[in-house]
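Q: In case you want the letters, here they are:
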Amino acid sequence: MSGVRVLVGTRKGAFILTSDAKRERWDISSPHFAGWEIYHLKGSPADPNRLYASQSSSWFGQIIQRSDDGGKTWHQPGTPPGEPTTTPDGTPKGESNKFVYDTSPETGKPLTTHQWYDGTPHPWEFKRVWHLEPSLTDPDTVYAGVEDAALFRSRDGGQTWQELAGLRGHGSGPFWQPGAGGMCLHTIILDPSNRDRIFIAISSAGAFRTDDAGKTWQPINRGLHSLYIPNPTAEVGHCVHRIAMNRSRPDVLFMQKHWDVMRSDDAGESWHEISGNLPTDFGFAIDVHAHEPNTIYVVPIKSDSEHFPPDGKLRVYRSRTGGNEWEALTKGLPQNDCYVNVLRDAMAVDSVDKCGVYFGTTGGQVYASADGGDSWAPIVRDLPAVVSVEVQTLP
Amino acid sequence: MIRVTLPAHLRKLAHVDGEVKLDVEGQVTQRSVLDALEARYPMLQGTIRDHVTQRRRAFVRFFACGEDLSHEPPDAPLPDAVAKGAQPFMIVGAIAGG
Chain A
0 MSGVRVLVGT RKGAFILTSD AKRERWDISS PHFAGWEIYH LKGSPADPNR
50 LYASQSSSWF GQIIQRSDDG GKTWHQPGTP PGEPTTTPDG TPKGESNKFV
100 YDTSPETGKP LTTHQWYDGT PHPWEFKRVW HLEPSLTDPD TVYAGVEDAA
150 LFRSRDGGQT WQELAGLRGH GSGPFWQPGA GGMCLHTIIL DPSNRDRIFI
200 AISSAGAFRT DDAGKTWQPI NRGLHSLYIP NPTAEVGHCV HRIAMNRSRP
250 DVLFMQKHWD VMRSDDAGES WHEISGNLPT DFGFAIDVHA HEPNTIYVVP
300 IKSDSEHFPP DGKLRVYRSR TGGNEWEALT KGLPQNDCYV NVLRDAMAVD
350 SVDKCGVYFG TTGGQVYASA DGGDSWAPIV RDLPAVVSVE VQTLP
Chain B
0 MIRVTLPAHL RKLAHVDGEV KLDVEGQVTQ RSVLDALEAR YPMLQGTIRD
50 HVTQRRRAFV RFFACGEDLS HEPPDAPLPD AVAKGAQPFM IVGAIAGG
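From first to last, the protein sequence lines are chains A and B.
For the first sequence, position 250 (counting from the first letter as 1) is numbered 249 according to numbering that gives the first Met the number 0, and the numbering increases by one without interruption.
For the second sequence, position 22 (counting from the first letter as 1) is numbered 21 according to numbering that gives the first Met the number 0, and the numbering increases by one without interruption.
Pulled out of the complex, with its shape left as it was, chain A reads as follows (with noise of 0.2 Å):
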């Protein structure tokens, strides 16, 4: 093992962090793609020199970025740097930040409408890529979440997507709704059991499956409690923040949901609450220790108003039970006067024989442990507003 990278997306540019297997000094890259916000990016499992980046502004919309060594050098996916632009009958190459809704007869589903935030319908209308779920196989392969809520897929390396519309042609697109972020598919888990499953979350539909490569969909949401939808128990229009899986065990799935952390023992067929003892069960960010299937981590928020740790003390909560018992996290931590939040997409675990975890803050903290979370220390404290946060464990 050579090494770890973390791949940070901020509200202005990304930032690639280096270390060897200690994890104890770490290169800071300048940043790149400056100016822009990148939403996430993230590393092929089956090439870790080829990442992908989500760019996107207000101004220009959504650009997607691709290194094929590593994060040096990016280019988007169809207009290599240097290369012609156009191939040799004039047809222009680059369309690697086209994302059209499938709306074709043969292959797609028709646009709805999605409740506003008044439940009022309100069409259908891309705004920006949240999530990039490379293929654990193929380099070639990445998944797209996108705002307003849909599933694409490009099986040429970022130059061409294609929306897979069974999901949002389910039928209850007309109840989803946005979060206060949008309405956004954030978490894409490819299951490594099994190549024709895939769990996907919404803010705010929730959580769905496909078992036949993303044809069609089921909700799985029984189970899931929401006081701040009319139906509580309803099939869809839970705000879900994020779903993890460890790769061991793909059926048993951990979720930070608007307030209550959940557990599913069964692909998400059903759901039940591990909150326990934390302090908030609001928050944003989930993850799973690589080697220890049933040790979870979550940093409480104090409530869907305060974006910000309860009494200023930035806590991660570490359950070695799989839910229920949590313990408080501190060593390294500010614990007073604290006050940033902690983004779904922002924290992570590398695969070191003792597992690092990792997160960022908006206040541009990018905390590692690595211990498994028993001690933390800032590896870079002054960034932008922090968005995402991957890791690659490099061989």
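Hint data in this document are derived by calculation from the structure and do not stem from the laboratory.
Ideal Cβ placement from N, Cα and C applies to all residues, glycine included.
A few of these clues could be false.
Claimed, not checked - Within a straight-line C-alpha distance of at most 27 Å, the following computed DSSO-like cross-link-like pairs (lysine-lysine) qualify:
hint : chain 1 : residue 1 : chain 2 : residue 2
1    : B       : Lys11     : A       : Lys71
2    : B       : Lys20     : A       : Lys97
3    : A       : Lys126    : B       : Lys11
Said to hold, decoys possible - With the Cβ distance kept under 7 Å, some of the chain A side facing chain B (calculated, not the full set):
hint : residue
4    : Ser57
5    : Trp58
6    : Lys97
Fit chain B to the given chain A structure using the hints.
A: Chain B alone, transformed into the frame defined by chain A:
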């Protein structure tokens, strides 16, 4: 030869410095200039106008000869000075924020 100025973020995406010079066939309009721009720099597709509707993105504006042309019809002729290359067609990111 049509001269086009781009905001810094789009110059970087297109890997260009300074003004862009384009040959535009037929009448010089917003649409024909943007068509030519996107054909030569396909990485700019979707960044100035929507891929599908072709509508100008909300925070992008067009100026030329001291005039705000953002709300002109896309097929309206641009000023002669732009068509003759005496003045640039300016694509500008709207000022938003402090």
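Q: Hints first: check each against the structure and report whether it holds.
A: Hint by hint, here is what the structure shows:
At roughly 17 Å between alpha-carbon atoms, lysine 11/B and lysine 71/A fall within 27 Å of each other, so this suggested pair holds. For a cut-off of 27 Å, the pair hint linking lysine 20/B to lysine 97/A stands: about 25 Å separates their Cα positions. Straight-line distance between C-alpha atoms of lysine 126/A and lysine 11/B comes to about 22 Å, which keeps the hinted pair within the 27 Å bound. A hinted interface residue such as serine 57/A counts as satisfied when its beta carbon comes closer than 7 Å to some beta carbon of chain B; here the least separation is about 6 Å, so the hint holds.
This hint holds: tryptophan 58/A has a C-beta 4 Å from the nearest C-beta of chain B, less than the 7 Å allowed. At its closest, the beta carbon of lysine 97/A sits 5 Å from a beta carbon of chain B; the interface hint therefore holds under the 7 Å criterion.
Violated hints for the displayed structure: none, as all numbered hints are satisfied.
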